[in-house]
Amino acid sequence: MRINNIFLILVLGVCNFVTSQNKQILYDFSEIPQSLIVNPGTETDFQWYSGVPLLSGISFQAGSSGISVNDVFANDGLDINDKFRDRVINGMNTKDDLSGNYQIELINAGYRGKNPDNFYSFGIYNEGDAIGYWFQDYALLGYEGNADKLNKRFDLGDLKTRGEILNVFHFGVSKKIDNKLTLGLRGKLYSGILDFTSTKNKGYFVTNEGQNNLLANTLNADIELKSSGFVVFDDVTRKDGSVGDLVKRGFFGGDLGVGVDFGFTYHLNEQTVVTASILDLGFIYHSTDVLNYTLKGDARVEGVEIILPDAINNGNTDFWQDLIDEVEELVPFEDNNKSYITYRPTKLYGSLRYNFGEQIGSKGSLDCNCNVSGGSSYRTKYANNVGGQLYVINRPRGPQAALSAFYLRRFGNVMAIKTAYTIDKYSLTNVGLGVSMQAGPVNLYFMADNLLAYQNIAASNYASFQLGINIISWGKN
Amino acid sequence: MFMGNSCVEEQDFGQYNELSVIPQFESSIIYIEATEEIINLATSAAFYTQDFDFNPFSENVFADRVVDGVITYELENTTSKPLQIILEFLDEADTILDTETFFIDETPSAVLKRDVAYGNTGKSLDIITNTSKIRVTANNLGDTSSISSQQEPLIVLKSSGKFSVRIK
Chain A
1 MRINNIFLIL VLGVCNFVTS QNKQILYDFS EIPQSLIVNP GTETDFQWYS
51 GVPLLSGISF QAGSSGISVN DVFANDGLDI NDKFRDRVIN GMNTKDDLSG
101 NYQIELINAG YRGKNPDNFY SFGIYNEGDA IGYWFQDYAL LGYEGNADKL
151 NKRFDLGDLK TRGEILNVFH FGVSKKIDNK LTLGLRGKLY SGILDFTSTK
201 NKGYFVTNEG QNNLLANTLN ADIELKSSGF VVFDDVTRKD GSVGDLVKRG
251 FFGGDLGVGV DFGFTYHLNE QTVVTASILD LGFIYHSTDV LNYTLKGDAR
301 VEGVEIILPD AINNGNTDFW QDLIDEVEEL VPFEDNNKSY ITYRPTKLYG
351 SLRYNFGEQI GSKGSLDCNC NVSGGSSYRT KYANNVGGQL YVINRPRGPQ
401 AALSAFYLRR FGNVMAIKTA YTIDKYSLTN VGLGVSMQAG PVNLYFMADN
451 LLAYQNIAAS NYASFQLGIN IISWGKN
Chain B
1 MFMGNSCVEE QDFGQYNELS VIPQFESSII YIEATEEIIN LATSAAFYTQ
51 DFDFNPFSEN VFADRVVDGV ITYELENTTS KPLQIILEFL DEADTILDTE
101 TFFIDETPSA VLKRDVAYGN TGKSLDIITN TSKIRVTANN LGDTSSISSQ
151 QEPLIVLKSS GKFSVRIK
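These protein sequence lines map, in sequence, to chains A and B. Each residue of the first sequence is one higher than the one before, starting from 1 at the first, in this note's numbering. Each residue of the second sequence is one higher than the one before, starting from 1 at the first, in this note's numbering.
Everything labelled a hint here was simulated from the structure, so no lab data went into it. Remember, it's a predicted structure, so these values are computed and weren't measured experimentally. Watch out, some of these pointers could steer you wrong.
[As the list claims (entries may be wrong)] FRET-style restraints, in silico, Cβ to Cβ:
id	chain 1	residue 1	chain 2	residue 2	range
1	A	Y138	B	F13	53 to 59 Å
2	A	N151	B	V111	42 to 48 Å
3	A	I89	B	A110	38 to 44 Å
4	A	F356	B	E18	55 to 61 Å
5	A	V327	B	R65	41 to 47 Å
6	B	N17	A	S287	42 to 48 Å
7	A	D318	B	S146	30 to 36 Å
8	B	V111	A	F333	35 to 41 Å
9	B	F13	A	V247	19 to 25 Å
10	B	G14	A	V431	31 to 37 Å
Using N, Cα and C, we set each Cβ at its ideal position, and we do this for glycine too.
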């Protein structure tokens, strides 16, 4: 029963697609090659690495800032109608969101160049990402209606959502400039599979006293839902098309886009390090299998109007149908196939790290004297790292930020553990833990967030995990 | 590792079946306006009679979900003669399902207000859900020569409906 509930909750969470995308544990966790994905300027000491295809990087994140499953479905003896009204309809606002993100690496590999200061990495990953803000006034209108709400403007702009599934082809290089600075750059090609976006809606619905009749209902709408790829998806679900048609869209057969990541690591002094990265500065041009819907216009209705003598002169007039036709003409619901552009949700990371404790020689080279600048030797790592991280992501209602404090502990070159405490809009009690283990050339990592919430996962507003397996060589033996 | 040790307080997803969502919507329905001049020009007492299609009540999206409702009427007469307005609700076969009759004296007379409830303790909801036409008849109960001293004398019928609709 418990397993069933966990499964149902996870499915609901993932289907709702939450999105914070913060990978605060993976960030600057240099034992793990995937740390290059969140900062191409991460310092690495690998000679080469190869992720196990499909298993090298799997991550899921889901969050809800306004409500949890437990808030509504807890078996607490309370009337669900009271809970739904108080906690959903009246308890959430337009800043609350449901969001989600997943990434599955198909291929990920890296190698050191002839110039050992350069490290190249490349791969393909599949990503899904979506966010939906609470459509407060739509929900209020649907739950309570417009009766006895004279002059209350129901804001149609409360509909704000977007989502996408795409493949990302990437190639990056990190270059050690000197013993203090490592810079990184990653180019990306996006191959869009599915996309929907409806983020710039405007308008309102209001009921006022009528000029002629008792009431006037006014609809002022400028709503647009853009989508691409769903035509193919529909064909597949109705068995008019094959899954292959959908897969092709992920391999340059659909929408295309470009993007870039930047990052760096800089040693302020021997033990203090600052890092930063900016990811997914890019866009996708949606030009294939596009289907957009619009509802634009302005109409005011006071019911069927019969005004004599005009009504006598037009005795066969179908007043009701005329009213419908007039509204449809004033506020037409239309569709089109116009291409459109979406910008990727750009992410920004930054950290300040202090290293202390036992020094651990790099596996990648002779242990260096770290005061030497430049050259191909690698920096000695310290057993302990402590610091803070900042994360910001650009979302449809503006940037969302998260602040983390972390501690990383290395146990020789065999194992490293990182724990982080993070505050963001989803949780003020997010404690996460990540483990990287090295067994010969095999690297295995696992990390999970918001561990305190696992006491009652149904009450959690946020959950995430990442795991993967890599083969790493340091060029010795 | 963590999932294996996770817990879930007992949830009851069956509660969803008990969730009830019944919003209440309101809108104007019919507005009728006639000048005294038209009334005086008519050759019979019934100076206006007309059937017109009115399908919103019988649309499945409404008829299958309506729980109860109230139709509010307001009748104002600034003409010099007493008048009778009859609204008949008809189904597709032109059978009269219900009749609402209004009498109003000549000016000066108070605005006539009437609320007619449907469902619960009111009239049968079937009247509303089967209505696909409305017949409007207006009768002059006075003379055809007098003219009100009011500026722009009119007979005006206003109406609105407020209905509860079960969404869930």
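* To do: With 53 to 59 Å as the target window, see if Y138 of chain A and F13 of chain B comply at their CB atoms.
  => 24 Å, violated
* V327 of chain A and R65 of chain B, beta-carbon distance inside 41 to 47 Å? -> 21 Å, violated
* Range hint 42 to 48 Å (beta carbons of N17 of chain B and S287 of chain A) holds or violated -> Cβ of N17 of chain B to Cβ of S287 of chain A: about 45 Å, so the range 42 to 48 Å holds.
* To do: Just tell me: holds or violated, for the beta carbon distance of I89 of chain A and A110 of chain B against 38 to 44 Å?
  => 41 Å, holds
* Do the Cβ positions of F13 of chain B and V247 of chain A conform to the proposed distance bound of 19 to 25 Å? -> 34 Å, violated
* To do: Evaluate the given range 35 to 41 Å for the C-beta pair formed by V111 of chain B and F333 of chain A.
  => 39 Å, holds
* When you take the CB atoms of F356 of chain A and E18 of chain B, is the distance between them in 55 to 61 Å? -> The hint (55 to 61 Å, Cβ to Cβ) holds, given that F356 of chain A and E18 of chain B are roughly 58 Å apart.
* Falls inside 31 to 37 Å, the C-beta gap from G14 of chain B to V431 of chain A? -> Given about 33 Å between the Cβ atoms, the range holds.
* Starting from the range 42 to 48 Å, see whether the pair N151 of chain A and V111 of chain B falls in it by beta-carbon distance. => 22 Å, violated
* **D318 of chain A paired with S146 of chain B, Cβ distance criterion 30 to 36 Å** => This hint holds: roughly 35 Å between Cβ atoms.
In this structure, the earlier hints numbered 1, 2, 5 and 9 are contradicted, and the remaining ones agree with it.
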